[in-house]
Amino acid sequence: MKYQVNFFVNEEPVELYVDANKTLLNVLREELDLTGAKEGCGAGECGACTVIMNGKPVNACLVLAPELDGAHITTVEGLADREGNLSPLQEAFVKHAALQCGFCTPGFLMTATALLRENPHPTREEIARGISGNLCRCTGYKKIIEAIEDVAEHTEGGVRK
Amino acid sequence: MKQFNYLAPKTLPEALQMLADYKESAVLFNGGTDVVVRLRDRLIAPDYVVDIKHIPGLDDISFDEQNGLTIGACATMNAIGENEAVCKHYPFLAKAALSVGSRQVRNRATCIGNICNASPLADTGTPLLACDAVILAEGPDGRREIPIRDFFIFVRKTSLKPGEIVTAIRVPYIAGAEGVFTKVARRREVDLSTVCATVLRCGDEFRFAFGSVAPTPLRLVKTEELVRGKKPDAALIEQAVELARSEVAPISDVRASKEYRMDIVGLIVRRGLETLAK
Numbered sequence: 001m002k003y004q005v006n007f008f009v010n011e012e013p014v015e016l017y018v019d020a021n022k023t024l025l026n027v028l029r030e031e032l033d034l035t036g037a038k039e040g041c042g043a044g045e046c047g048a049c050t051v052i053m054n055g056k057p058v059n060a061c062l063v064l065a066p067e068l069d070g071a072h073i074t075t076v077e078g079l080a081d082r083e084g085n086l087s088p089l090q091e092a093f094v095k096h097a098a099l100q101c102g103f104c105t106p107g108f109l110m111t112a113t114a115l116l117r118e119n120p121h122p123t124r125e126e127i128a129r130g131i132s133g134n135l136c137r138c139t140g141y142k143k144i145i146e147a148i149e150d151v152a153e154h155t156e157g158g159v160r161k
Numbered sequence: 001m002k003q004f005n006y007l008a009p010k011t012l013p014e015a016l017q018m019l020a021d022y023k024e025s026a027v028l029f030n031g032g033t034d035v036v037v038r039l040r041d042r043l044i045a046p047d048y049v050v051d052i053k054h055i056p057g058l059d060d061i062s063f064d065e066q067n068g069l070t071i072g073a074c075a076t077m078n079a080i081g082e083n084e085a086v087c088k089h090y091p092f093l094a095k096a097a098l099s100v101g102s103r104q105v106r107n108r109a110t111c112i113g114n115i116c117n118a119s120p121l122a123d124t125g126t127p128l129l130a131c132d133a134v135i136l137a138e139g140p141d142g143r144r145e146i147p148i149r150d151f152f153i154f155v156r157k158t159s160l161k162p163g164e165i166v167t168a169i170r171v172p173y174i175a176g177a178e179g180v181f182t183k184v185a186r187r188r189e190v191d192l193s194t195v196c197a198t199v200l201r202c203g204d205e206f207r208f209a210f211g212s213v214a215p216t217p218l219r220l221v222k223t224e225e226l227v228r229g230k231k232p233d234a235a236l237i238e239q240a241v242e243l244a245r246s247e248v249a250p251i252s253d254v255r256a257s258k259e260y261r262m263d264i265v266g267l268i269v270r271r272g273l274e275t276l277a278k
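For the record, the sequence lines run as chains A and B.
Under the working numbering, the first residue of the first sequence is numbered 1, with each subsequent residue one higher.
Under the working numbering, the first residue of the second sequence is numbered 1, with each subsequent residue one higher.
There's no promise every hint is true.
Each computed DSS-like pair below joins lysine-lysine, with the alpha-carbon atoms no more than 30 Å apart [as the list claims (entries may be wrong)]: (1) B:Lys23 with A:Lys56; (2) B:Lys88 with A:Lys2; (3) B:Lys10 with B:Lys258; (4) A:Lys2 with B:Lys53; (5) B:Lys258 with A:Lys143; (6) A:Lys142 with B:Lys2; (7) B:Lys88 with A:Lys56; (8) B:Lys222 with B:Lys157; (9) A:Lys22 with B:Lys157; (10) B:Lys157 with A:Lys2; (11) A:Lys22 with B:Lys53; (12) B:Lys23 with A:Lys22; (13) A:Lys22 with B:Lys231; (14) B:Lys10 with A:Lys22; (15) B:Lys23 with B:Lys222; (16) A:Lys56 with B:Lys10; (17) A:Lys56 with B:Lys53; (18) B:Lys2 with A:Lys56; (19) B:Lys222 with A:Lys2.
Residues from chain A that keep clear of chain B, each with C-beta distances beyond 12 Å, as calculated [as the list claims (entries may be wrong)]: (20) Leu32; (21) Leu86; (22) Glu91; (23) Glu149; (24) Arg160.
Derived from the structure by calculation, the hints contain no laboratory data.
Cβ coordinates follow ideal geometry from the N, Cα and C atoms, glycine included.
Sequences are here, hints too, so could you generate the full structure?
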């Protein structure tokens with residue numbers, strides 16, 4: 001049986017018929033071709049699939065597709081503005097070279113976006129704790145933290161002043 | 001994941017009816033951080049998944065001194081850990097809630113789910129045990145209150161009857177109580193507990209609740225009896241540490257050896273008594 005779900009992805013309304021045994025991550029990647037969110041572990045350990053659901057960062061691999069009805073989802077594809085200008089966080093990740101292979105980057109960007117919305121000027125320690133649900137096997141985290149620190153210093157909650 | 005039917009009851013009676021109709025073929029679905037993984041790994045393969053998050057009021061958290069703290073079944077770990085009353089009156093519970101998983105997981109995972117899973121190392125188990133919390137359940141035979149000490153039966157086994165749904169947990173308010181939650185794990189964030197514990201002082205009484213040292217989270221009743229009403233001097237602390245070690249039955253596993261866990265139990269009892277005795 002298929003379940004009708006009406007929800008918003010990056011502020012665009014979406015209507016889909018989904019299987020119950022699919023996850024939000026499956027829907028984003030396979031139905032909507034939004035492949036920014038990645039499957040790392042599929043069990044809520046690595047954070048590579050982090051998206052913002054109803055204002056809060058969640059692991060897309062742990063949300064069932066039928067739960068999407070009425071939800072607002074923001075993915076990494078929704079961070080740039082309509083003209084394609086990257087968000088301050090995305091720019092800072094480029095500037096600080098806060099990525100190597102890039103697999104974990106969309107997850108980090110979504111977690112950091114949510115973190116700065118809740119806490120616009122976090123300390124280094126708060127940033128480190130804030131991204132603890134995202135694993136990166138390349139960078140050693142230092143440059144990621146520096147990128148987020150840069151944005152925390154120069155913006156108000158990740159939004160250009 | 002095997003194919004299943006997703007049900008989203010809007011009321012508690014509706015949800016209870018679904019459990020009554022579909023019995024063992026139904027699984028309750030709350031935050032999903034455990035159930036989705038179990039579905040994916042095919043450890044469970046239900047025909048019906050009953051999502052209780054659409055039932056109004058189940059995510060409430062309320063507090064007054066008379067009734068204590070009431071945590072609704074669908075209140076998330078982050079909602080609990082950031083709740084003003086929880087932080088003020090039960091800081092050790094807030095700390096336990098925020099020690100679970102990652103921020104992303106805590107935005108979905110619930111305290112009631114944690115308790116109903118009945119893992120030996122349930123992080124929110126020990127603060128609730130230390131406070132003598134009461135589980136509120138509704139089922140085919142009506143409403144029932146279960147003291148948390150009677151709730152955990154064995155690894156992943158609770159005293160819930162078939163068809164029952166936990167609607168909330170009530171945590172008594174103990175004026176002047178002071179508690180310490182400790183989680184020992186291999187890494188600081190996003191890990192399961194090697195040992196977790198809550199030590200609570202209420203007047204001249206100490207309570208010790210431990211997780212991951214027995215098949216269920218448990219209270220060290222003999223150790224509590226030993227120190228009740230006494231000033232914990234060095235000799236008494238030594239006795240309490242020894243007695244505490246005899247009350248737990250940890251195993252060796254991937255996270256730590258039995259001996260290590262024993263030592264940690266003694267250490268937590270010692271530090272708890274030293275910190276909280278005034």
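Compare the distance between the alpha carbons of A:Lys22 and B:Lys53 with 30 Å, and conclude whether the hinted pair is satisfied. Holds: A:Lys22 and B:Lys53 sit about 18 Å apart, inside 30 Å.
Minimum C-beta separation from A:Leu86 to chain B exceeding 12 Å: can you confirm that? Holds, because the least Cβ-Cβ distance between A:Leu86 and chain B comes to about 23 Å, which exceeds 12 Å.
Just to be careful, I want the Cα atoms of B:Lys23 and A:Lys56 compared with a cutoff of 30 Å; is the pair within it? Violated, at about 34 Å.
Given hint A:Lys2 paired with B:Lys222 - CA-CA distance at most 30 Å: 56 Å, violated
Does B:Lys88 pair with A:Lys56 here, judged by a C-alpha cut-off of 30 Å? 24 Å, holds
Below or equal to 30 Å on CA atoms is what counts here, so check A:Lys142 against B:Lys2. 41 Å, violated
Quickly compare the C-alpha distance for B:Lys2 and A:Lys56 to 30 Å and report which way the hint goes. Holds. B:Lys2 to A:Lys56 sits at ~28 Å (cutoff 30 Å).
Please verify that the nearest CB of chain B lies beyond 12 Å from A:Glu91's CB. Label holds. Min Cβ-Cβ 23 Å, cutoff 12 Å.
Going straight from one Cα to the other, do B:Lys23 and B:Lys222 come out at no more than 30 Å? Status violated; Cα separation ~40 Å.
For A:Lys22 and B:Lys231, compute the direct alpha-carbon distance and say whether it is at most 30 Å. 58 Å, violated
Restraint check for B:Lys10 with A:Lys22, where alpha carbons must lie at most 30 Å apart: 22 Å, holds
Quickly compare the C-alpha distance for B:Lys258 and A:Lys143 to 30 Å and report which way the hint goes. 39 Å, violated
When the structure is compared with the earlier hints, violations turn up for hints 1, 2, 3, 5, 6, 10, 13, 15, 19 and for no others.
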